[in-house]
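With these hints in hand, go ahead and build the complete structure from the sequences.
Read off the chains here:
There are 4 protein chains.
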Amino acid sequence: MPREPRMDAALVLDRDRVVWIREGRRVRRGDMIAIGKAEDGSEGIYVHSLEDDDDTGEFRFMTSQVSREKPIDYSLMAQILIDERDRGGYPILVTGPALVHSRARADMVWFIENHFVGALLAGNAVAVHDIEASIYGTTLGMTQTGVASSGGHGLHMRAINQVRAAGSIAAAVERGIVKNGIMHALVTHKVPFVLTGSIRDDGPLPEVITDNLEAQDAMRAHTKKATLAVLVATALHAIATGNMLPAFVTNEDGSLRELPTICVDSSEFVVSKLKDRGTHQAFGVVTNAQDFMHILRLYVEREITARTTHYT
Amino acid sequence: MPREPRMDAALVLDRDRVVWIREGRRVRRGDMIAIGKAEDGSEGIYVHSLEDDDDTGEFRFMTSQVSREKPIDYSLMAQILIDERDRGGYPILVTGPALVHSRARADMVWFIENHFVGALLAGNAVAVHDIEASIYGTTLGMTQTGVASSGGHGLHMRAINQVRAAGSIAAAVERGIVKNGIMHALVTHKVPFVLTGSIRDDGPLPEVITDNLEAQDAMRAHTKKATLAVLVATALHAIATGNMLPAFVTNEDGSLRELPTICVDSSEFVVSKLKDRGTHQAFGVVTNAQDFMHILRLYVEREITARTTHYT
Amino acid sequence: MPREPRMDAALVLDRDRVVWIREGRRVRRGDMIAIGKAEDGSEGIYVHSLEDDDDTGEFRFMTSQVSREKPIDYSLMAQILIDERDRGGYPILVTGPALVHSRARADMVWFIENHFVGALLAGNAVAVHDIEASIYGTTLGMTQTGVASSGGHGLHMRAINQVRAAGSIAAAVERGIVKNGIMHALVTHKVPFVLTGSIRDDGPLPEVITDNLEAQDAMRAHTKKATLAVLVATALHAIATGNMLPAFVTNEDGSLRELPTICVDSSEFVVSKLKDRGTHQAFGVVTNAQDFMHILRLYVEREITARTTHYT
Amino acid sequence: MPREPRMDAALVLDRDRVVWIREGRRVRRGDMIAIGKAEDGSEGIYVHSLEDDDDTGEFRFMTSQVSREKPIDYSLMAQILIDERDRGGYPILVTGPALVHSRARADMVWFIENHFVGALLAGNAVAVHDIEASIYGTTLGMTQTGVASSGGHGLHMRAINQVRAAGSIAAAVERGIVKNGIMHALVTHKVPFVLTGSIRDDGPLPEVITDNLEAQDAMRAHTKKATLAVLVATALHAIATGNMLPAFVTNEDGSLRELPTICVDSSEFVVSKLKDRGTHQAFGVVTNAQDFMHILRLYVEREITARTTHYT
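Residue numbers (our numbering), protein chains in the order written: chain G, 12 to 323; chain U, 12 to 323; chain F, 12 to 323; chain H, 12 to 323.
Misleading hints may appear alongside valid ones.
Copies of one chain are not kept apart here, so a pair can be met inside one copy or by any two copies together.
As the list claims (entries may be wrong) - Here are the computed lysine to any residue pairs in the SDA-like style, where the Cα-Cα straight-line distance is at most 20 Å:
id, residue 1, residue 2
1, K48, T154
2, K48, E218
3, K235, S86
4, K48, I146
5, K236, G129
6, K48, A182
I should point out that these hints are in silico values taken from the structure, not numbers from a laboratory.
So, in structure tokens, the structure goes:
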């Protein structure tokens, strides 16, 4: 048995043939040190761990699958998005209102206009804030720079009233009440959307499905066709959608591929929870929703340019 | 004084010159509505807020109102709970399923049995996990010590099926299918509960109100009578309830007292969000739901003993 | 292949021998349903998962090891604490200042007085706030109920000055300047403590070791004897200690037992991080530090009573 | 005007009637110290704060100053960075290792190369991971796509050993051992850096200052010259630096401007804590460190292009 064991330190054999564990800074020239280069014990040190029968024998760290400290592979995600679009896939975008509170609204419109969104699943608030931004230039009364505007707390209610007076979001777009933004892009590009209600809703807007079972059926009509899911800044909708997603997509030749699921949230909690429920294939991005959309768009644009250049 | 006050709603004057607070969707053509456009009260509505009288100009730190590093005054909360119970108040308890995943279930039953709960507002999952615990001894397949049981992932579905076969939760209690726990205590002690649905729900259980507008109305029937609100481990239900709560309770002599709101969550985010929406009087507790319930019960028991001793 | 696959739903065989996945609420009397009772596929349904070669075949969820939604086994922790004390173990307590901001100070004193602490490892702030609480009744200027006191922002500096004038914490205790609290209990009961410095420190207090390598050596002198570690509300000290802890303790008969490590934090992040670094045997508690200490003490007291009763 | 202002320190009048701000440990017997006991300025010290002039009495929401749901004004931050660079300001960059785990390393190099960094303040880990990335292509054994590499857990130790063998980071750069990255850019562009130690450190690297008081002095040498501070993904270093920063910078004409402080973290907690300690002028960005650096660079590049275009 080594004396004074700890991690991140060296095995030192002293003159009495006793093994000590010593921090690097305590090791001296001439000390006998055990050196292991192979992880499987074939060369030098064999690691035996009592826990986890399924262990491959290797000592590891940084193995948790969701962490704000892991690199985010935007390049890979950009490739997946473009591949799905170009093969005629059905990507569903599921989002919470944090995305609309921000610059990300313009990026989202870009994704819709460039055919990266097969369907949008969201709640009342996403549409309300987006339409408030279109009509009044604010979201929940905040300007684009995050400053509360005078009287701003009532603007989302006035936005709801304008749409209800028009009869529907589609009608409000057609009449020019809603001139830009996410809902405008969806209506204009005929991308289907499902707005599901919750007990937190003001209004709600006319298209919102207030019965949860009807809402689940409406969502299901899209998830069963999904070939890719991007879930941004929403615990409720992300987990509801995760429950409905197939694990695999059937290729044309009958073989299967895993349905890629990108889950973005500002904490590890939601993504880990999604995995806990059995959505194995989710890969998690712990970041701010608006930053995610902006960088993802940037990488998609670069990748499109690279592919265009390459093929010509 | 307006009747049935809440936030995010309109002031409506009826034919008897009584002012009511009404959600936008309840306002009808021809109703007399108070309209305020200026924020300073110069036009229409003057807002009087009691808060922020204590701004003394002093340099301060640790002034953020919600922090895991602030002491939690369980003693004061225990006094408020007992006072409300003893004066015949109407405390509403709003909770998420994290509370049922745990030992806190027994503490919750104690609060119900000892008349500290006027009504319970929750979602499908709270009732499902509680009933799974009663029938199978697990919550989402985990035993009380947090270990996943073999085949446990299906037990909540089996619990739902048993209640649906019985016809209702109340029937399942009466037939002895559900023998203990929160729902059992509510049914046995005739404490009303509202279970509202969401798009995440399995099942749902028979009593769950799946339409959100109906669900809001059912919640509202209790929040308008509330004299105290305790919101534990739920963002969705806490904020939905916060939207509906009056800021003040009218005392018998016509004077007002602030409606105390206790909001418990494992992160600062939900409580801060509740305050951001204008629920000034919320005081926040950043802790684990089961630990909160356990210590609160302990303090309530001590306070009851102290009062009994004192008065005899 | 089943049609419309999703999780949490039933396998239904229709008249054309096609398998559909259907939510429970869509299943009708008379439908042909696949039923599986054994998890290993021996009866009914065999689960095949492509991911994770190490999978035991069972479909699982709630398998992440650290979650605020998992039950906390205070009973088991209480038993471990008492067992270690009674077998003459060397439990080390590592804590951050959040514990001192609060009621937990009294509980901590109780643990020291009842011989549950072999050594305390902490930073300057823990001692500063504890001594401020003893002299002025505040922590960082906040009263015990969390209210900022007038002039309170300077009290921790005044506390430091008083101890520096006395020459050491021990001297300040002996001279009656520090009359109660954690540092008082440590000095009075001759429990060793290590206070390590950081670049955030005010002061620091005289006993604080400002050189990090010296500080590591001082901590190491205790960790190498440790038979139990309790890490509360500190990322810096918890991970520094985790790096130094042995994974096993040698029993008297030469056999090994895992060194139990209890890690308490208000978020999953620190505990997961500790595990990521290879501290396998850590078990995580996601809660508020003061609530943890209070309930743990309660369970230890109950267990002591139970053992006393049992053995007499 | 006092010289070298910072928080949590004393006002000392020297023989030339100049007021200096001095940490308690630098005050000597006989020094003339300003003492204030009343908070309202009636006795000793009158505190004048510019903030809170905008409290208009208006009912507001979304008023909490730090939230993941607030828009991030990258455009304004980019303008501030360029303005400070172009007026010859002294921007200090303070960062934790999460920034190096990732793509952000390349962006950081860009900022150094383009003269946006007056000095870098960080801990041992930032330099270790950066140098590991340069020598082995991994950070804590993870590849750039976040995959654990075989044997990777030891690479940061091997990186430390290589630098220690070279004698210093600067020597390792000169000898071509470290060929790229943050430390390489700092050495090559002669940008000063301070690496301060902590009890969590492996190694440490030769330049790391292991004594905390010396480390504070070394940091202070830069903070007292700072005209802008950017604090990314570090609680320890951000708060230590926040303690040392002046609130104002003196313009050439003797007038004052607030010292802008940009604090980036993945949770609201650190930024709120910084504000709680009195760093009023901090503005908080709740996002992922690598995403922040990438977008900030993008906006700075755009702004530079816009200014160039505009002025020609």
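Item to complete: State the violated hints by number, sorted upward, taking the hints as numbered earlier in the document.
Response: 2, 3, 6
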